[in-house]
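Trainee: Here are the chains, one letter per residue:
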Amino acid sequence: MLIWLVLLFPLVGAVWNGLLLPRHKLLSHSIAVAGVGLSFLAALPLFVSLLGEGAAGSVHLAFSWIQAGDLDIGMEFVVDRLSGVMLLIVTGIGSLIHIYAGGYMNEEKTTARFFSYLNLFIFMMLLLVLGNNMLVMFIGWEGVGLCSYLLIGYWYTHKPNAVAGMKAFVVNRIGDFGFLIGIFLTYKMFGTLSFSQLHEVLAGQESLSPALTSGLTAIGICLFIGACGKSAQLPLYVWLPDAMAGPTPVSALIHAATMVTAGIYMMTRLHFIYYLAPSALMLVAFVGGATALFAATIALVQNDIKKVLAYSTVSQLGYMVLACGVGAFDAGVFHLLTHACFKALLFLGAGSVIVALHHKQDMQEMGGLKKYLPITHAVFLVAVLAIIGFPGLSGFFSKDEILWRAFSFPGVGWVLWLMGLFAAMCTAFYMVRLLCLTFYGKNRSDEHTRHHLHETSSVMWAPLVVLAFLSIFIGYLGIPPFLAEAFHGSNLFSPFLSSVIQVPPAGEVYWSFLHEHHSEALEWSLMGASTLLALGSASFAFILYRNGPTPFLQERKEAFASVYRTLYNKYWVDELYDRIIVRPLKEMSEFLWRVVDLGIINGGLNVLGQSLMFLSGVTSFQMTGSLHRYAVVFILGLMGLVVLVIV
Amino acid sequence: MGLTSSELPFIVDLIATLSKIVVVFLIGLNVPPIMLWVERRVPALMQRRRGPNRVGFFKWRLWGLFQAVADAIKLIFKEEAVPAMANKWFFHLGPVFSVFPAFLVLSAMPFGEYIEVMGYQISLVAVQVNVGFLFILAMAGMAIYGVALSGWASTSKYTLLGALRASAQMISYEIPLGLSLIPIALVYNSLDLTEIVKGQSHFWQWGIFLSPLSFIIFLVCMFAETNRTPFDLAEAESELVVGFHTEYGSTKFAAFFLGEYVSMFALSLLCSILFFGGWHLPLLSRENLINLTGSVNLAALVGVGVLFLKAAFFMFLYVWVRWTVPRFRYDQLMKLGWKFLLPLGLANIAVTAGILALNF
Amino acid sequence: MPIEYYFSLALVMFLCGVCGVLFRRNILFVLMSIELMLNAVNLVFVSGSTFLKNLDGQIMVFFVITVAACEAAVGLAMVIALFRRYGTIKSEFFRILRG
Amino acid sequence: MSDQLVFWGLAGFITLSSVAVVTVRNPVTAAVALVINLFLLAGVYAFQGADFVAAIQIIVYTGAIVVLFLFVIMILNLDPEHLRSPRPRIWEHLVLGVVIAGFAYIGYRFLDSLDVGKVASNRLPDNTYDVAMILFSNYLWPFEIVSILILLAIVGSVAIAKKPK
Amino acid sequence: MNPYLPIIIILGLGVALGLILSGFAHFLGPRHPTPAKEEIFECGVPTVASRERMSVKFYLTAILFILFDIETVFLFLWAKAFRSLAWFGIVEVAVFVLILVAGYLYVLKTGALEWD
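Residue numbers (the numbering used here), protein chains in the order written: chain U, 1 to 647; chain P, 648 to 1007; chain L, 1008 to 1106; chain W, 1107 to 1271; chain A, 1272 to 1387.
This is chain U alone, in the form it adopts within the complex (with noise of 0.2 angstroms):
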């Protein structure tokens, strides 16, 4: 009973402040506010009901929506352990969210269509993380599309922002586009779309027949590239930094939080297919491993605050695919748990920067923002120092873990483990850059906003205090088992999602080194090492940034010019996709419209009239009008037919 309430809240607000745009502010936000709040609430208990240690998932039917034949798809939601925690990611972060955004916005004239679409996302993503079916998660999953272009371009008015709107559909709509083939192909193998059976019949499997492994392969590769465009992957991830566009809370909502983490919940969903189709599993990890260092190297040199975050978010999220490559489910998971909070406090941070700024994001014109903003600079030091991995806060256990667990996959583990570590250290990196620019040396903003400068209302900073708790406490979690024995506490998460996820018994064999012992020493020296790496980067970035932009800065910028711009410009991606598809693609249409439409199609109607003129302009001579010219015309053609016929 309490999921249909978990449902319905989002929706009724969003129906309620969409259709009725209530006029005054604060009751569309009160209404947003009430409609994540009360269904955080409904969550709970339902959490609660599945921390017991038998709880198995319960499937609950809405009604039976599509019978075709034998194609039988009900509106099942599924609650087990990780929808469970999916959920109060969604809700929890969603209303703390909701809560921001009513301050953030306080500017616009009416936010109840804000709040509307807001209160949409957050239902189509329960839908997405609840349904049971893949076709139900397909709806939540174009509904979160939906709503990320609706907000991207909620100052439609201002072109770019529009634009970034669309672009942003589009990629997702290419990465879409792979995620229905996956559904049909395992319409086409399995007969079913819902996980509850494909699990079963996987699970029965008992050896894996060449077919069935490459079926499962072509599933594995083509959901991915659904994942990739909605997870900001390497391929398909130029959308997530233009989609910066959009009101902060929004990039902290949907582009920090919740809906980028689909792609790896999908994956997580779906692990026993993964875990039978290995080398889909390896494109996984390289493709992961590969954006979040190539994310990061971007990151390092960009001077929009929320473009730096956004990198951030890509490169992390390449650290989550990297952990479900390695087959470390419930790593990626966990990473994806701690992350959600503190990007989202980062994100949230930022937002209030830019709310004092009076709407400017670029790091060049901020600086010592230290005393102007001392809550927000407290809490944006701790998400800073939970994301770089600093040992004690999340982001050191989720991150480390998915080093380690990348580290013992055989054969290439320690190329991934390579590319997380350099990955890491460009993280700490940036992110020390960022806080050095904004909060540190001297106050660069013009005299203006200087004297405009003061702290947030209470309604902003509250929620972030709250991400802050969270983002420090959540780590110990998933304390990494040899840990746990040092502080005799144990490792909460992993086991939580074990019964979930489960190496079916087909991939036993390939899958065995999971549950081998490693040697704590080799554990604890890769740690370490991790570990020292990130913090001194850390420092270095400290030493270079701390007072601003100085001149020495300025010489090694032209000493690497090259690096540099490479760098400052994406490696020219956005230039390369429009070279290579958008262009050819403009000039192939030009070519069809002018060559085939205009000149084969109109010209071939325009010689046939023309012809037709010609023929009846010859035929007509004779019609002089004198009855004698027909009759004579009549008669010898009557005479032609006869003698034809007869001769």
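Since the hints were derived computationally from the structure, they do not count as laboratory data. Quick caveat, the model's predicted, so the values are computed rather than measured. Backbone N, C-alpha and C define an ideal beta-carbon position, used for all residues, glycine too. Heads up, a few of these hints could be off.
Straight-line distance between alpha carbons at most 30 angstroms, and here's what the computed DSS-like set of lysine-lysine pairs gives [as the list claims (entries may be wrong)]:
#, chain 1, residue 1, chain 2, residue 2
1, A, 1380, P, 986
2, W, 1268, P, 804
3, W, 1268, A, 1380
4, P, 735, W, 1269
5, W, 1269, P, 986
6, W, 1269, A, 1380
7, U, 360, U, 371
8, P, 721, P, 804
9, P, 982, A, 1380
10, W, 1269, P, 982
11, P, 982, W, 1268
12, P, 735, P, 845
Interface residues of chain A toward chain L, partial, derived using beta-carbon atoms under 7 angstroms [unchecked claim]:
#, residue
13, 1334
14, 1337
15, 1341
Following the hints, put chains P, L, W and A in place on chain U, whose structure we already have.
Mentor: Here is chains P, L, W and A on its own, set in the frame of chain U:
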């Protein structure tokens, strides 16, 4: 036109036919002169004046009978004035068209049943046409050409108008003529004149008693077809000078004259055949006549005499009506033809058919 | 009398009719030629019926004659109307159908 | 023997008159030629034994239709000069040749495909009665339709020819 | 003997008689053509080929003549087979005649036959 080839041997048949033709032409050529005389004599007597009585040689005046011969000679030797603009061909062709149909009709009339000569029965009809009526209608049609062509040939407006009027009149009265004949055909169940006369052996079987209405219509049409008296508007002296044959001189006028009187005689013969029992005496049936006269030939001769008598009566009727009945105005004439005789004819047919249908 | 003679006679008449229709300028002549053609058809009907010894041919002739009569009647009515309208019935003057 | 003589006489005159109908200048001459042609045609029918048809031919065709033609000619009172048709152009001769050749060929092919024997000059006995019987039994419907046709002709011609008020 | 002989002979004689009569005067009669004689016997303006058109009434009469002539002919046919067709024939012809009477009434109504 249906000619039943007679069973007689060729030679006999040939001679019989030739002799019949000669008889027909004799009659044809003699009737107009006689009528010329009658035409003058009878009105004179009616008007209490003496007709022509000067012509004669020596002292036999014969009541002016020779006047006819005198007129004939006069006509032959008169000069013929052909109008300049006239269309030569049709000017000469006109009279021909009015002569030969009359003779054809006359030849189709049966004068008697048959006579036995040297053991062969020779029918007393020149042209044995088994669809008698239609033949007569056809020839009436041809007469129209005579009138129309001659009128048109002498290119003057009046003759043209006269010709149009005369032919329009003949056309309008040909239909009632046809319609009046149909009841007779119904009653006597044949179109062949000889059959019809055979059907009228007893005087109460005569046409006039069985379908009196058709006799009246036939009589009117007789006068109209030959442009006689009440209907002679075409040649009415007072209006169109002489009508379509104004420009015709001597012999051509004689030809028209001949044609007119022969067709008059033919129609009277037809009338007596259809309505007055042809060669049957009123009270004496044919068998008694043969017994009375002893031989078939003699009886046939008597029959022919009776027939000619009846025809003479009708010819007299022509002249009589000419001098008593005033002339119709043209629109009255047309109205009579189209609006009175035609419906009357159709009604007559309906009535006759109804009556006959009762005893099917 | 072989039937070909009758048919060839009919053909000749028909030919004259066709030529009359085609080459005579005056509408009246055209109508007359049409009558001529119809008579040729009648001749074929009659000789056919005589040869095949069944009377249907003759009955058809009745109908043909009736149709010819009606056609002539209406045709000549039109000629008169044309004459009244155009003052002439030479075919060159009826150019309305010009293509 | 006499049959041949009669037929050839009639055929000759018929061809002559039909050619005259087509070639003669003056419409009245053409009408008279038509009359003669039809009259002789009636002769041919009678010669073949179709007496009733011959009679009808003369009564209706010669006696009525050509008279109508004559009437129209007289009414229109065309001046002869007006009827002088212009010198026929060359292509007319050409077409004439082609038409004649075409019809001759068609006729020839038709005639020699006829494998009929000699038509005995079997004059049918007086068949008017049989004609009538057949007409009123088998051909009932055409007979009724003919009356409608005549009605149409009446209404049509009167409507067309009547002087517009 | 061919049944057509009499008709042909009479036709020939009739035509011959006509020609003789019409040609007679040409040979026998005196010929002194004078302009007066040449003229058409007429008073008033010589209207040789007057273009004045005759009234259309004649034409209408001729048309109606044809159409009713056909009726007469068909009635003749019916008369021939009257007795054997009996009632059926009568009904048939009645319909035929009635339709034509309808035409006739139309003609009367439109006044086509009114002679001015």
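Trainee: Does each hint hold? Answer for all of them.
Mentor: For each hint, the structure was consulted:
1. With a CA separation close to 12 angstroms, the supplied pair residue 1380(A) and residue 986(P) stays within the 30 angstroms bound.
2. Our distance criterion of 30 angstroms between C-alpha atoms is met by residue 1268(W) and residue 804(P), whose separation comes to about 23 angstroms.
3. Taking the CA atoms of residue 1268(W) and residue 1380(A), the gap is near 13 angstroms; set against the 30 angstroms cutoff, the hint holds.
4. Restraint check for residue 735(P) and residue 1269(W): not satisfied, since their Cα atoms lie roughly 34 angstroms apart, outside the 30 angstroms limit.
5. At most 30 angstroms may separate the alpha-carbon atoms for a hinted pair to count; residue 1269(W) and residue 986(P) meet this at roughly 21 angstroms.
6. As the CA atoms of residue 1269(W) and residue 1380(A) are separated by approximately 15 angstroms, the hinted pair is consistent with the 30 angstroms bound.
7. Between residue 360(U) and residue 371(U) the alpha-carbon distance is near 18 angstroms, which keeps this suggested pair within the 30 angstroms criterion.
8. At roughly 29 angstroms between alpha-carbon atoms, residue 721(P) and residue 804(P) fall within 30 angstroms of each other, so this suggested pair holds.
9. Using a Cα cut-off of 30 angstroms, the hinted pair residue 982(P) and residue 1380(A) holds, with the two alpha carbons roughly 14 angstroms apart.
10. A C-alpha spacing of about 20 angstroms is found between residue 1269(W) and residue 982(P), which places the hinted pair at or below 30 angstroms, so the restraint holds.
11. Of the supplied pair hints, the one linking residue 982(P) and residue 1268(W) holds, its CA atoms being roughly 18 angstroms apart against a limit of 30 angstroms.
12. Among the hinted pairs, residue 735(P) with residue 845(P) is inconsistent with the structure: their alpha-carbon atoms are about 48 angstroms apart, more than 30 angstroms.
13. Evaluation of the residue 1334(A) hint against chain L yields a held restraint, the C-beta minimum of about 5 angstroms falling below 7 angstroms.
14. The interface hint given for residue 1337(A) is met, as the beta carbon of that residue sits about 5 angstroms from the closest beta carbon of chain L, less than 7 angstroms.
15. This hint holds: residue 1341(A) has a C-beta 5 angstroms from the nearest C-beta of chain L, less than the 7 angstroms allowed.
Hint compliance for this structure: hints 4, 12 are broken, all remaining hints hold.
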